[in-house]
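Visitor: Single-letter residue listing:
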Amino acid sequence: MSLPKPVMRGLLAKRLRFHLPIAFTLAIVAALGFKYTVTEPRKRAYADFYKQYDAVKEFETMRDAGIFESVRPSGE
Amino acid sequence: MAHPSQLGFQDAASPMMEELLHFHDHALMIIFLISTLVLYIIVAMVTTKLTNKFILDSQEIEIIWTILPAIILILIALPSLRILYLMDEINDPHLTIKAMGHQWYWSYEYTDYEDLMFDSYMIPTQDLAPGQFRLLETDHRMVIPAESPIRVLVSAEDVLHSWAVPSLGVKMDAVPGRLNQTAFITSRPGVFYGQCSEICGANHSFMPIVIEAVPLKHFENWSSLMLQDS
Chain V
17 MSLPKPVMRG LLAKRLRFHL PIAFTLAIVA ALGFKYTVTE PRKRAYADFY KQYDAVKEFE
77 TMRDAGIFES VRPSGE
Chain C
11 MAHPSQLGFQ DAASPMMEEL LHFHDHALMI IFLISTLVLY IIVAMVTTKL TNKFILDSQE
71 IEIIWTILPA IILILIALPS LRILYLMDEI NDPHLTIKAM GHQWYWSYEY TDYEDLMFDS
131 YMIPTQDLAP GQFRLLETDH RMVIPAESPI RVLVSAEDVL HSWAVPSLGV KMDAVPGRLN
191 QTAFITSRPG VFYGQCSEIC GANHSFMPIV IEAVPLKHFE NWSSLMLQDS
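First to last, the sequence lines map onto chains V and C.
So for the first sequence, my numbering puts the first residue at 17; every next one is plus one.
So for the second sequence, my numbering puts the first residue at 11; every next one is plus one.
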């Protein structure tokens, strides 16, 4: 006949107990997401670029394209 | 050089700039972590009418929100100091060049072996050849041997200027009456652009810096030619 007494205390604490773990988890997910979608690919990109980099060949390509002013293209 | 609507750094052309790039990624990751946490908490607190008027203190949470930020700061400071000390390592340069700031051009002096000096004025927009970059090209480029440590002594003849090349991770103030030193190595040959980075008058935006990094043999040919011409 009588209703159960509603919860009247600790409501904010309950909300915090629910939301704070989600907040921390989301924050860590955001950081890890950035790390594995930006940071690590960028490190790998630089490492891969220089692994096969042939400075002489690249210089000759740029030289023939006329990019340099101190060095004329090889034909000239 | 930068491309239109670019947000991030230019591609690194020196080992130091690569280090700075990776450190920036690390610091930005921490910024995203903190910002996500704070934004979520703000939204959670702003979307409720629940309050607790009777909180007086809480030793536990105060300890957590002191220790955690301290740890985060240490995680930022350690890589930062590592790069700072890396920049100051003894580097035994192969070549020393003096870059002097004037209103409104740079002059370069290669005085290690002979006296080679020249001015570097911006090419006006109406005189650009097709394919050249507006406000970035100069009539004489600072040519250096690629993949060799270079020391640049920066100063000014009149007012403050600043010699900066973003892709090499280099910026050094040009102060009249003072010699500032910076050093770098280019990881690859190419052409690298920069602009004056200290307000110096009406044409501050129109005194760019262009570095041309070429193999040593070509650098030697160029410097002989320049000496003959001068």
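Think of the hints as simulated: they come from the structure by calculation, not from any bench.
Hints may be right or wrong, so weigh each one.
Here are the simulated DSSO-like pairs of lysine-lysine, each with C-alpha atoms no more than 30 Å apart in a straight line [to be verified]: (1) V:Lys51 - V:Lys73; (2) C:Lys63 - C:Lys108; (3) C:Lys181 - V:Lys67; (4) V:Lys30 - C:Lys227; (5) V:Lys67 - C:Lys227.
Take a look, some chain C residues computed to stay more than 12 Å from chain V by CB distance [unchecked claim]: (6) Pro25; (7) Ile41; (8) Ile51; (9) Thr61; (10) Tyr95; (11) Ala139; (12) Asp149; (13) His150; (14) Glu157; (15) Leu163; (16) Gly187; (17) Gln205; (18) Glu222; (19) Lys227; (20) Phe229.
Where is the CB? At the ideal position from N, CA and C, for every residue including glycine.
Visitor: Run every hint past the structure and note whether it holds.
Guide: The hints, checked one at a time:
For the hint pairing lysine 51 of chain V with lysine 73 of chain V, the CA-to-CA distance comes to about 33 Å; that exceeds 30 Å, so the pair is violated. Among the hinted pairs, lysine 63 of chain C with lysine 108 of chain C is inconsistent with the structure: their alpha-carbon atoms are about 66 Å apart, more than 30 Å. Between the alpha carbons of lysine 181 of chain C and lysine 67 of chain V the distance comes to roughly 28 Å, so the proposed pair stays at or under 30 Å and holds. Among the hinted pairs, lysine 30 of chain V with lysine 227 of chain C is inconsistent with the structure: their alpha-carbon atoms are about 73 Å apart, more than 30 Å.
Distance restraint check for lysine 67 of chain V and lysine 227 of chain C: the Cα-Cα separation of roughly 24 Å lies within the 30 Å cut-off, and the hinted pair is therefore satisfied. Not every beta carbon of chain V lies more than 12 Å from that of proline 25 of chain C, the smallest distance being close to 10 Å; the non-interface claim is violated. For isoleucine 41 of chain C, the shortest C-beta to C-beta distance to chain V comes to about 9 Å, within the 12 Å cut-off, and the non-interface label is violated. With 12 Å as the threshold on Cβ separation, the claim that isoleucine 51 of chain C sits away from chain V is violated: the shortest Cβ distance comes to roughly 6 Å.
Once the 12 Å rule is applied to beta carbons, threonine 61 of chain C is inconsistent with being away from chain V; the minimum gap is 6 Å. At the 12 Å boundary, the C-beta of tyrosine 95 of chain C stays outside the reach of chain V, the nearest C-beta of that chain being 21 Å off. The claim that alanine 139 of chain C lies off the interface is violated: its Cβ sits roughly 10 Å from the closest Cβ of chain V, which falls inside the 12 Å cut-off. The claim that aspartate 149 of chain C lies off the interface is violated: its Cβ sits roughly 9 Å from the closest Cβ of chain V, which falls inside the 12 Å cut-off.
A Cβ of chain V approaches the Cβ of histidine 150 of chain C within 12 Å, the least distance being about 8 Å, so the stated non-interface status is violated. With a least beta-carbon separation of about 7 Å from chain V, glutamate 157 of chain C fails to lie farther than 12 Å from that chain, contradicting its non-interface assignment. Every Cβ of chain V is farther than 12 Å from the Cβ of leucine 163 of chain C; the closest lies at roughly 21 Å, confirming the non-interface assignment. Every C-beta of chain V lies more than 12 Å from that of glycine 187 of chain C, the closest at about 32 Å, which supports listing it as non-interface.
With a minimum CB-CB distance of about 19 Å to chain V, glutamine 205 of chain C clears the 12 Å threshold, and the non-interface call stands. For glutamate 222 of chain C, the shortest C-beta to C-beta distance to chain V comes to about 6 Å, within the 12 Å cut-off, and the non-interface label is violated. Against the 12 Å criterion, lysine 227 of chain C falls within the reach of chain V, whose nearest CB is about 10 Å from its own CB. With a minimum CB-CB distance of about 7 Å to chain V, phenylalanine 229 of chain C fails to clear the 12 Å threshold, and the non-interface call is violated.
In terms of the numbered hints stated before, the structure departs from hints 1, 2, 4, 6, 7, 8, 9, 11, 12, 13, 14, 18, 19 and 20, listed from lowest to highest.
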